[in-house]
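Just so you know, the sequences run in chain order A and B.
Note that my numbering has the first sequence beginning at 1, numbered continuously upward.
Note that my numbering has the second sequence beginning at 1001, numbered continuously upward.
Don't read these hints as lab results, they were simulated from the structure.
Glycine included, every Cβ here is placed at the ideal spot set by N, Cα and C.
Do not take every clue at face value.
[Unchecked claim] Residues from chain B that face chain A, not an exhaustive set, calculated with beta carbons under 10 Å:
| no. | residue |
| --- | --- |
| 1 | 1012 |
| 2 | 1034 |
| 3 | 1070 |
| 4 | 1076 |
| 5 | 1080 |
| 6 | 1085 |
| 7 | 1088 |
| 8 | 1132 |
| 9 | 1147 |
[What the hints assert, rightly or not] What follows is a list of derived Cβ distance ranges for each label pair:
| no. | chain 1 | residue 1 | chain 2 | residue 2 | range |
| --- | --- | --- | --- | --- | --- |
| 10 | A | 257 | B | 1023 | 54 to 60 Å |
| 11 | A | 73 | B | 1138 | 49 to 55 Å |
| 12 | A | 196 | B | 1054 | 48 to 54 Å |
| 13 | A | 157 | B | 1023 | 43 to 49 Å |
| 14 | B | 1050 | A | 23 | 46 to 52 Å |
| 15 | A | 62 | B | 1055 | 45 to 51 Å |
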Amino acid sequence: MRRIDSKLIKKAVKDLCIKANTQLRGDVYLALKRLRKKEKSLKAKMVLDTLIKNADIAKKKKLPICQDTGMVVVYLKIGQGVSIKGDISKAIKDGVREAYKEGYFRKSVVKDPFIRKNTSTNLPPIIYTGITSGSKLEIRVAIKGFGCENASATKMFRPTDPMGSVEKFIVDQMKKLGSKACPPMYIGIGIGGTLDKAVSLSKEAIFRPAGKGSSFPHIRKLEKSILKKINDLKIGPMGVGGRSTVFNVSINTYPTHIAGLPVALSVSCHATRDASRIL
Amino acid sequence: MKKINLPLTKEAIKKLKVGDMVLLSGTLLTGRDQAHKRLADTLRSKKRLPISIKGETIYYTGPTPSKKGEVIGSCGPTTSARMDPFLPLLLKSGLLGMIGKGERSTESNAIIKKHGAVYFMTIGGAGAYLQSKVKKNTIVAYKDLQTEAIRRLIVKDFPAIVAIK
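Pulled out of the complex, with its shape left as it was, chain B reads as follows (with noise of 0.2 Å):
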C-alpha cells in the first residue's frame, strides 16, 4: 500500500494509477450536500468562503456525534455523486482531491482529470472501522448545519483506492 501525505500536491497525483491501494495521512476537509450547496452559493456570488479550499481534500462525510473521549464517531463515506453537480466550481477553486464512496458522472470523470485532481473511494459502511483513521476533529465552518459542517480532520493511515485521476 502506498503511503500517500494531505494536503496532496499536483506532482504527487501524477504518480499515482488508478486502482492503486492507498494509505492517506495528514489533514483534510469533511464536506457533503449542504456544505458543498453553500460553498458553490458563494463562490457564484463571488463572495469571500468561510476557508479556504485550495489545495485540500474533501472527505464526503457526516459523522455521528462524539462518544465523551472520543475525536469523531462512525465517519464512512457517503455517496460521492451526489456531490457531483458542485465540482466544476470547487475545482476550479482549486480543490485537488476527494474522498467518498461509490462511481461518478461521465463529466465528473472528465472534470477531475482535467484539472489534474484525484478521487479516492473508501470503504462505504465501515464507519466504526474508520472512526481509528481519525485522530483530531475540529468544526471550521458552517456549525449550524450539524453533521454536515465542515471539519478539519487530522488522519493517520486512512484506507482508500484511487478511483478517478
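For reference, chain A alone in the conformation it holds in the complex (with noise of 0.2 Å):
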C-alpha cells in the first residue's frame, strides 16, 4: 500500500484552487485566441480581446478571473493501491478554506437554501470520489460559478425519440439563454446512465481539452452539428453578435436503460476554471 498523508491533499486542494481561480485552462485560453482570430464582428473582436487580456491581468496579479469565485467541487480518483493518512474530508475542507482567505476569494456559499446565511468560509465544497486501480491519487478542483450553472437542464426523452430531437432541444435551451452564461461557452452534456448519471456525464464532458472530439464518430458528428447551430443564432460573446457563441460542445455517453433516453446540458462559461495534479 502506498501511504499518502492527508496534508498533501490539502496543500493539493489550497493551490489547485488558487491556481483554478486566477489561470484560465490552457486549452480555453487557447480556445478564445482561435475564435477571436475568426472572428468578424467588430464588436465580438472587441470583447474577446478584453476577455484575452481579463486572462492574462488575473494570471499577472493573482486576482480572480471573475469575481463569481463560484462553489468549488472537488473529484477524487483514488487508486486501490493507495492508504491515505488522516482525515480526506478535513483535509479539503481546510485546503479551500485557507485558498478562499489567503487568495481574497469571494465567499458565495449560503448554509440552507431557503434561510441563506453566508457561511463565510465559501465551505462547503461538493466532494466526488471515485475508486481506480494503481496507486496515484488524482485530484481535481472545478470553481462552480452560478452564471452558468443557473443554465443547467435536463429532459427525459423516450427511448424512440430520435437524435434530432435532442438536438433540437440543447438549440432550443441555448436560443432561450441567450448571453445570460457569458458566452463564448463551454457545452457539456451527457446522454444515457439515470439522470444523475447523465448530468455527472455533461460536467465531465466539460473537463474534455477543447477540440478533442467523442471517440465514438456518430457522436463526433452530433458534437459538430450541435456547435454549428449555437453558432449559427448568432448570439456572440456577451451577446454583441458574431460567431463565437459557443468554443466547444462535449457530449459523454453511458449505457442506458431500454425505457429511457435521460439527457443533460451543463453550461460553461468563457472563465472554465478547473485544475488538477496527480499525487
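Both chains are given apart, each in its own frame, so use the hints to dock them into the complex.
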C-alpha cells in the first residue's frame, strides 16, 4: 500500500483552488484566441480582446478571473493501492478555506437554500470520490460559478426519440439562454445512464480539452452539428453578435435503460475553471 | 466610444442609442439579489430607504474582497435578469441606470423604456480587467450582506454597451 498523508491533499486542494481561480485553463485560453482570429464582427472582436486581456491580468496579478469564485467541486480518483493517513474530508475543507482566505476570493456559499446565511468561508465544497486501479491519487478542483450553472437543464426523452430531437432540445435551450451565461461557452452534454449519471457525464464532458472530439463517430458528428447550430444563432460574446457563442461541445454517453434516454446539459462560461494534480 | 458622466440625466439618456459603446465615469451604486429584495421590501412597507436611489445607476455586482492596497477586488457584472422582478418599484422610485449582463425580460424592456431609464451591458467574467476602472469603493448600506452589500463606487472609463433605452 502506498501511504499518502492528508496534509498533501490539503496543500494540493489549496494550490488548485488558487490556480483554477486565477489562471484560465490552457486549452480554453487558446480557444478564445482561435475564436478571436476567426471572428469577423468588430464588437465581438473587442469583447474577445477584453476577455483575453482579463485572463492575462488575472494571471499576472493573481486576481480572480471572475468575481464569482463559485462553489468548489473536488473530484478525487483514489487508486486502490493508496492508503490515506488522516481525515480526507477535513483536509479538503481546510485547503478550500485557506485558499479562499489567502486568495481574497469571494465567499458565495449559503448554509441553507432558504434561510441563506453566508457561511463566510465558501465552505462546504462538494466532493465526489471514485476508486480506480493503481497507486496514485488524482485531485481535480473545479470552480463552479452560477451564471452558467443556472443554465443547466435535463430532459427524460423516450427511448424511440430520434437524435434530432435531442439536438433541438439543446439548441432551443441555448436560444432561450441568450448571453446570460457569458459566451463564449463550453457546452457539456451527458446522454444515457440514469438522470444523475447523465448530469455527472455532462460535467465531466467539460473536463475534456477543447477541440478533442468524442471517440464515437456518431457522437462526434452530433457534437459538431450542435456547435454549428448554436453558433448559427449569432448570439456572440456577451451577446454582441458574431459567431463566437460556443467554443466547444463535448458529449459523454453511457449505457442506459430500455425505457429511457436521459439527457443533461451543462453550460460553462468563457471562464471555464478547473485544475488538477496527481499525487 | 462615447464618454458618459454618472450620475445620469434623462437628457443624456435621450441622446443614447441602443448599441452605443460607452465609457462611464463618475459615481454609481452596487447591488444585486439580496440588496434588491431588501430595497423592494422597504419600499413596499413605505419605510425609508438606507440610501436614496433617485437619479442613481445601480451596477449588479458582488466583488471579491479587496487585497491590501487595492480599491476593490474582481468586480464583473452578475446576470441582470434575476433583478427583473424588482425593476417596477425601483424605477418608480427614480432609478435611472442599470449595469449588468445578459438580456432582460420583455416586461423589463418595456418598463425601462417607459421610465426613460437605460440598461447597459458590460463584460461578464472580466472581473480582473474591470477592477482597474474602479477608483473608490465604500460600503453605504447592508454591510451584513458582505459581497452583496450596497457600495458607492467612483469609476473612470468603465466600458459598457447601451442595451435597452
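For this session: Please flag the earlier hints that this structure goes against, numbers listed from lowest up.
Result: 1, 6, 7, 11, 14, 15
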